[in-house]
Every structure is written in structure tokens, then in C-alpha cells.
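S.K.: Listed below are the residues making up each chain.
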Amino acid sequence: MITEIQNIDKNLIEILSKVSDPEIPVLSIMDMGVVRSALIENGNVKVEITPTYSGCPAMDVIGDDIKKALKEAGYESEIELILHPAWTTDWITPRGRKALEDYGIAAPLEAEADKDVLLNEKRLVKCPQCGSTNTKLVSQFGSTACKAQFQCDDCHEPFDYFKCLK
Amino acid sequence: MKQELYNYILGIADNSLILGQRLGELTGHGPTLETDIACTNISLDLFGQVRSYFQYAAKIAGDGRTEDDIAMLRKEREYVNVLLVEQPNTNFAYTMARQFLFDVYHLAFLSELEKSKDLTLSAIAKKCIKEVRYHERFSSDWIKRLGDGTEESKAKMQEAINDLWTYTDELFHQTEADIAMVSEGIGVDVTKLKDGYYKYVNEVLETATLEIPESKYFQKGGKKGIHTEHLGYLLTELQYMQRTYPNMEW
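In order, the protein sequences belong to chains R and Y. Residues in the first sequence are numbered consecutively from 1, following the working numbering. Residues in the second sequence are numbered consecutively from 1001, following the working numbering.
Just so you know, the hints here were simulated from the structure itself, not pulled from any lab data. One or more hints might be untrue.
[To be verified] Result set (EDC-like, lysine to aspartate or glutamate): computed pairs, CA atoms no more than 20 Å apart in a straight line:
(1) Lys46/R / Asp64/R
(2) Lys166/R / Glu1112/Y
(3) Lys136/R / Glu110/R
(4) Lys115/R / Asp1141/Y
(5) Lys166/R / Glu1136/Y
In this text the structure is predicted, and so the values were computed from the model without any measurement.
Put together the whole structure using the sequences plus the hints.
M.R.: Now the structure itself:
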């Protein structure tokens, strides 16, 4: 994996960590990896965020929420949406992956494993309810652009799987 | 150069806009809940991609036009999408055949656009290609499933492939903007994508136990703004709000 540069002023980390993804409220935007840079210049903050998927409708809300959080901390801010480097699920932090699992969304597997499960060839995705890997793909597209629909064949619960994006 | 780059971006983005609108028509009307959600997810990806292209085009135009103006305020003859993407959702076989025939082209196109000297276009391509891989996986899966399925599903898929085949050649026609942008190292030479396209499409059709159409007659015109009858109806719906309440904003 290529390490992509993330440039965030350490004074802002705590403030930005309180902003969450509106569609997955347990996941902070910092753990999601969508904040690429946040720097203070003459008392103003310039934040660069990158979308998970091009059509992700949450980006506008995330931008507004960042502005609001920074304002409460006494900063005016400017948000810029950048496309390069393109977001990847590798940027979700270990804490973010755990938050996803606790919330009932299976975290993304490695790219090759992801292909196997999305072609229904291997059963590798762990059910976030009972922990079984006896799960099957229902549809490659789920409730949001970033997820696929799965069902557990042991506890029979349907659940979302966060698709690998590389 | 500026005008040609603008035209070039529209040539890319209009395909995604019109196909996105076609798929969006299935919201609440897909054959099953899962396929309905899948088609509208793909639609959402395409619209997201279109926004990136049109925002860039608006910046290049630099005359106050916005991404919404470009999407909504053009006349039929000013849309330069290929004829393939405006074809209607006749049945699910047509919807998937149209998707597959476009996705294979789209993937090949984006993998070349990634190398563009224009850094914005290259960044958009790198973003989009990740999403389009999922689209192609979905549509080729359905070609195989319906083609190598029941007698009825096979007949319907074969009919859809035969009918839509006539629109595939246009994908590889160069426009004036194409030629200008290729010479600048910005654009993709689509003529070079053709052999690889048919090779891959034919492989999938064979796996799906479908026959490869033999027709040598192809339709064209979309890239010059000369469309099939279907586009007018599509635009009527797409532009409804702007026609009814001119200049309205969200």
C-alpha cells in the first residue's frame, strides 16, 4: 500500500474527530479517512476532504458539519473537495473498522478477498451479529453506494458489508 | 483550446448523465428490490461523476455558467452523448445489455484517461474507475446469468444484444474535440480501444452462450447531437423542473 500524505494540524484533530459520517453516525470522519488536510492559516482553517464515492450525498453535510464544529471551537474555515488521491478503504483506521463492526456493518476485506465474496465464490465475510462466516452475498449494491447486501446463513440476519475500494 | 477542452469534457460527461438518468427511471420500478437498488446505485455513481466533470467544465467556461446550467439548460441537439446510452429500458435484458456494452467501453476509456496530461481529468478518471469496475462486474454477471439461463431469458438477452449492437461502433468515432485533445496529450484516442472492446465483449457473450451479432451496419450521430427519438422524452423529464420553474434552485 502506498502511504498517502495526510496533513492535519494536531490542534484540530480532536475537533475534527467529533464530526461523524451522517450515514454511519458511529464513524468519525477522521477514522473514515476522508479528511486529507486541515491547516491553520492566520486563524482560518483550510480543510481538504475527499469523497468516498463520487455520488456520495453525505459530502455536503460533512462539509457543513466540519464548518460548524470548527466555528464552535473559534475558527472560520474553508472546505475544499479534492479527488486526488482517490479515497480507498485502506484509509479507514483500525478504530473505524471496529466502530463499523460494532454498528452492524462488516468491514471491508482485502481487494482480492473482496472479489471472491462479491462473485459469491468464497465465504469470508463475518456476520457482525453472530460472527459466523457462513454468509452469502445478496446483492453487490446496498443501502448506500459504499455497501453490499449480505445475509448470514447461521443466524439468518441480513447485514451490510462495506465494499473494498482500492 | 479552451472551447475544445470544454466540448471534450461534455463528450465524456453526457454519456454518464444520460445513462444515469435512464437508470434513475428504475427507482421503485426495478424487477426486484435488489436490482432496483443496484441500478439506482450505479445511477448515483454516474451522477456523482458527472458533477465532477461539469464543475470542471463550468470553471473552464468561466462565464458564470454552473454545473446545473450545463446539465439542465441545453437543447436536445446540444447533448453529445452516444446513442447507446439513451436507448430505453425496454425490459431488464435491454437495461443490462445497454449497461454492459457501455461499462466495458467506460472502463477501457477511463484507464486511458488516467494518463491524461490534464491533472483534473486524470484525477476524475482515477476516482471513477474504481466505481465503474463494480458496474461492469454487475452488468457482465447479468449477461451471463440471463444468457446462460432459461430459454426465455436467453431469447430476451439475445434480442437485446442484437438490437443494441448497432450502437456500439459509435463509441469509437472521434470528434473534432477528440482529435484536438489527443494531440495535446489530454484526450483518449478511442479508435485504439475498439479491438480490445470487441474481444472482451465477445468473450463474455460466449461464456453466456449467446451469439455474437454479425451485423456490420452501425448507427451514429449522437456525438454530433443527432439523436434517436428517445432522447427528447428523456430530456423532458430530466429538465422538467427547470422548464416549469425557470431558474429555480434547491
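S.K.: Hint by hint, say whether it matches the structure.
M.R.: Evaluated hints:
Using a Cα cut-off of 20 Å, the hinted pair Lys46/R and Asp64/R holds, with the two alpha carbons roughly 13 Å apart. The straight-line distance between the Cα atoms of Lys166/R and Glu1112/Y is roughly 18 Å, inside the 20 Å bound, and the hint therefore holds. For the given pair, Lys136/R sits about 17 Å from Glu110/R by alpha-carbon distance, which is consistent with the 20 Å threshold. In summary, the hint linking Lys115/R to Asp1141/Y is supported, as the alpha carbons are separated by about 13 Å, within the 20 Å threshold.
With a CA separation close to 16 Å, the supplied pair Lys166/R and Glu1136/Y stays within the 20 Å bound.
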